[in-house]
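Generate the whole structure from the sequences, applying the supplied hints.
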Amino acid sequence: MQLLWPIAIITFKEGIRNRSIYGISLLALLMLLANFVISGMVAQEVSKVAVDIALSAISFSGLLLVLFVGINLMAKDLDRKTIYMVMAKPISRSQYLIGKYIGVILLITVCMSLLSFFAAVSLLLIKFGHPTFFQRFSWLMVGLSFFFTTLMLILVAALSFLFSSFTSTSFLTFILTIISYIIGMSLNDVKALVEAPQSVGITVSPVTVKIVQAAYYVFPNLSLFDIKLQAAHGLPVPVTYVIGIVAYTMVYSVIVMTMACLIFRKKEFP
Amino acid sequence: MISFASVSKEFKEGVAAKRVRALSNLTLEIERGQIFGFLGPNGAGKSTTIKILLNLIFPDSGRATIRGMDVCDKNVRRFVGYLPENPYFYDYLTAEELLWFGGKSSGMAKSAIVERSNLLLDKVQLLESRKRPLRTYSKGMVQRAGLALALIHNPDVVILDEPMSGLDPIGRKMVGDIILELKKEGKTVFFSSHILSDVERLCDRVGIIVGGQLRLTGCVAEILKGGDTLEDAFMREVHIAGLKEVR
Ligand SMILES: Nc1ncnc2c1ncn2[C@@H]1O[C@H](COP(=O)(O)OP(=O)(O)OP(=O)(O)O)[C@@H](O)[C@H]1O
Ligand SMILES: [Mg+2]
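Sequence lines, in order, name chains V and R. When you line the first sequence up against my numbering, it's residues 1 to 270, in that order. When you line the second sequence up against my numbering, it's residues 271 to 517, in that order.
Only true hints are included.
Subject to a maximum C-alpha distance of 25 angstroms in a straight line, what follows is the list of computed DSS-like cross-link-like pairs (lysine-lysine):
| id | chain 1 | residue 1 | chain 2 | residue 2 |
| --- | --- | --- | --- | --- |
| 1 | V | K81 | R | K344 |
| 2 | R | K409 | V | K81 |
| 3 | R | K409 | V | K76 |
Listed next, the stretches of chain R that the computed footprint assigns to chain V, with coverage defined by at least 3 CB atoms under 8 angstroms from CB atoms of chain V:
| id | stretch |
| --- | --- |
| 4 | 320–332 |
| 5 | 345–353 |
| 6 | 358–365 |
| 7 | 372–382 |
Worth flagging that the hints you see were computed from the coordinates, not collected in a lab. Built from N, CA and C at the ideal position, the CB exists for glycine as well.
Spelled out as structure tokens, the structure:
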């Protein structure tokens, strides 16, 4: 732990000072600003629309954060050989990777807390303007949704670490991470579709079903983290579900990071 | 102190590309307290040798040890300082934070880090720019910061890959002075360089490597005794090796 900390700190500092962060934050603020305009126009179900937009804005900005800052932190080390100075210290390759990951988790947590705060303020103002539509609105659910989004990003970041442990360019890591994100997001729907194709009147070959089922167990099921609907409608989420999501994130990240470490241990930096 | 026992390394670039034998059967011994200059034309295998010493790449065969410990043991690097060739550090960190990282990850106490980092930054003439992000540094300034980083934990073995490259005459003299100072403190220094006059002035022993093969090792005094300059010796070895082109 004593050795992980210095790496985590410099990773965090390097990330938080990155100019892309300003761009991403600005984009998030613009989306939240647009929320005022849009919720002023819909004039019905304002709370649902406003919550949905605010949460989507946050998760989208968070994804940009992981893709453009998170991946870069790792990739630049390999591309530009900054890793030489780290590996010249009494630090093993696994410790390096884990320290780096802790730094990225720190970065995601801090940025998401900040963005969530802005989103909450925007919701508060909209609520103030349209009090009648916010009867079933629950702060708890909105907060939980922010939390789940953060967990999802931490999981996606772990995947990006796995990819960068075996790819040779950061571009490939970037592409693989996006693909995994898209698959992870749609997996639930696709699985439901191919397992009961008659409901929409299509036929699916058994091979496809097998492939989708295999993918279901390999890729993270990211739609589990999406509780925008519940948050928008003020529906409750059971405590066991929350515990399950936290456990899922932890177990999945640990497995992925272990694999990344095993690959990274054999890696050369010529 | 530093020892190579028939170390070989081959690079395979791409799937079908031909292999490059970057090092063949390197056997070399460097005593404690020695300043060893590593010479050779471009692509001779100097950086490869140094990267093996830092466990950045693994030898195909043979073994490299420092103080009797295999270099793949991470604890070796507690007493090793390293300056990569063309070093590149984090964009948004300052020199001060870079040295903090170097000290902290070597297990130094906070007060010791501050004291030593001020001393070293003063020595490499970066004390005034220590709070600026490294992104704003010139090439030579980055090189200087790298040198301070290599020395922050007061290592017994200092490995420098072309420490003078990119430095102005004052900077070159500064590096020379630092190396001589390290010698006075009884440290072992292993450095590669293309600047023969510096090597002649600083080193106890030199090794000349051409095409991955160590052609000559010897005391500087002995090589110079026959009336040869170091340049003569260098040219002769490259000529005998029959090197036509940089690989
Ligand atoms: N990543 C790599 N992939 C393939 N070949 C490589 C790689 N790195 C080095 N080589 C080859 O290994 C040989 C030795 O390279 P090395 O970098 O050790 O040379 P050098 O002596 O440090 O040269 P210079 O004086 O230019 O720094 C060269 O022929 C080079 O082409
Ligand atoms: Mg070199």
